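Start from the sequences, fold in the hints, and give me the full structure.
In the order they appear, the protein sequences are chains A and B. Sequential numbering from 1 applies to the first sequence in the working numbering. Sequential numbering from 1 applies to the second sequence in the working numbering.
There are no misleading hints in this set.
Heads up, the list lumps identical chains together, so a pair's fine if it works in one copy or across two of them.
In the DSSO-like style, the derived pairs of lysine-lysine whose C-alpha atoms are separated by at most 27 angstroms in a straight line are:
1) Lys307 with Lys192
2) Lys134 with Lys105
3) Lys238 with Lys266
4) Lys29 with Lys306
5) Lys307 with Lys29
6) Lys76 with Lys89
7) Lys266 with Lys192
8) Lys148 with Lys266
9) Lys125 with Lys89
10) Lys21 with Lys80
Derived by calculation from the structure, the hints in this document are not laboratory data. Remember, predicted model here, so these are calculated numbers, not experimental data.
Number of protein chains: 2
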Amino acid sequence: MKEETTTLHSSLRTIEWKDNKLVMIDQTKLPNELVFVEFTDYNDVANAIRTLVVRGAPAIGVSGAFGLALAALQSKSMTKEELIEDLEKARKILFETRPTAVNLKWGLEKIMKVANEGDNVNEIKELVVQTAKKMAEDDVKINMAMGKHGSELFNDNDTIMTHCNAGALATVAYGTALGVIRATKESGKKIKVIATETRPVQQGSRLTAFELKHDGIDVTLIPDTAVGYTMAQGLVNKVIVGADRILRTGHVYNKIGTYQVATMAKQHGIPFYVAAPLSTFDLQSNPEDVIIEQRNGSEVTGIGDKKTAPDGINVINPAFDMTPPELISGIITEKGIAKAPFGESIKKLFEAN
Amino acid sequence: MKEETTTLHSSLRTIEWKDNKLVMIDQTKLPNELVFVEFTDYNDVANAIRTLVVRGAPAIGVSGAFGLALAALQSKSMTKEELIEDLEKARKILFETRPTAVNLKWGLEKIMKVANEGDNVNEIKELVVQTAKKMAEDDVKINMAMGKHGSELFNDNDTIMTHCNAGALATVAYGTALGVIRATKESGKKIKVIATETRPVQQGSRLTAFELKHDGIDVTLIPDTAVGYTMAQGLVNKVIVGADRILRTGHVYNKIGTYQVATMAKQHGIPFYVAAPLSTFDLQSNPEDVIIEQRNGSEVTGIGDKKTAPDGINVINPAFDMTPPELISGIITEKGIAKAPFGESIKKLFEAN
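Below, the structure is given as structure tokens:
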């Protein structure tokens, strides 16, 4: 059934559970090589999240859950208490890999809850693995539901700009923002995509351009500096991006650069949409509570072995920025589309849940 | 005297005339190697302009003029008419290297005018070389005058964002926007600089970060995607950039990405300044007349040998964009600062000229 799902939704399956092993695409090798890596140790999964072998908020939520599934299988404990202790240790290590995306916390907590409900070691191991597998399948279903809702916002002959990668490669399969783009195309509308390069890690050129080309969707790459130019030239009708965290007020945390793409869209009267599952929402935090992950300056001072800046230079390299609700035309979820005023609209989506 | 000038203004001299040869820094080798290249053939100068060995509007204006000086020395013609014909041929080849910066046209026309005024072959050769040398010296003087005017706009403890490289490396020496930054520092004010990487050619990381660090000015590098973030965090007080062409209406053509930096500055109430000599102004053209140079997609799909996008991908790679006058707080020139309404203010600068 897994095979069928993969074929149906997209030929790319980013995360898969096979014979008690976790199999993931090594995204650091893209677009040059499509390599699948097997994991049997949760410590390696934590490292994979940290080093962007797997990235994208929904994908790291599910890979965190599978990390705990591996931790459960790895555990030699004979009692429930010892197993929970082992899982708690693994949860901490997995959680500390990346601080901004809320899906990781969500995925880990969901598994810990289920683990605590189990009666004995074998039952817990079984429950944890099955729950993680179900989360992966649900992720694909959620993305397809999101695609269905979102595709209604897009018209025949639209050219849609996207930033970073909120695609199959950011989820288990199909994607959030790119899922909406896939669904729009599947609904029979002709569309084109403009992908920003998304420096410094280049998820736009390495991943989005790769996966859209792979699926036969018309895609054009631009440097991040050309967002304003392409909009001013009338080359963009709509923008859609993913999210790493969304607050109850509609503040959206997403890949660095999203805020300026949204600002330029507003300036040019271009609708700016966000696509994210409900698991991306953080209904508790306020903007001042959210920690923006600061990554190593070496991501900016070179690419691979190629040095592009002088040695010992100061760097500011935040992974995310915040887009305020007034720049957002709509937030597409699996339960429908939230619109301004976002406070009310988001609340309703969760009440319907 | 040349040596002294270099030491006084900045330790970097981008363009120099030595023993009837043109010596330029090969900017494609920066920041890894500081290499000086000698030119004796104007065709090689044209190629150097085309391949960004030398870049920056004022620098290509002067290197175009020196290209014609080399063409004059290379010419074996015995009559004025034949020499003018040779120069005309060289002018065309040099002019067609890059279409957007107006300084190149200005530099070439200035030399052709002088050449036409000469009476005989020897006199023309002498006039052409001396005029090109004077243009180089004037460029430095103009930059220092611009620095003096501009430095009054900046305060102690300002953090100034700049985009691309409008520095010593974009001129003969000292720089336009970075000349203002140098003059501000020389006036005793403490300042810090935030340099954007400036994809795809990375003039910000390769050149601006290099030359400011070289001169001991505090500089921090950010990816182009972090412009909005750093402004939203209150880390930027002012912005200053150079220009490749400025219209009589105050429309500024500058490195791709300038428009969105200016938009973000406006959004955050941060003054946005442009520094450029009068030779950068094009008082004839309207915005619809200006050709935006489109460069090869390979600049965006990889860095050096490192491929960062799938093969055969569509790319939009404009070298410049247009910033409308309503986003600009002031245009700093060697004759003073133009402010809104720019039409009148620019006219006055030229009347005073």
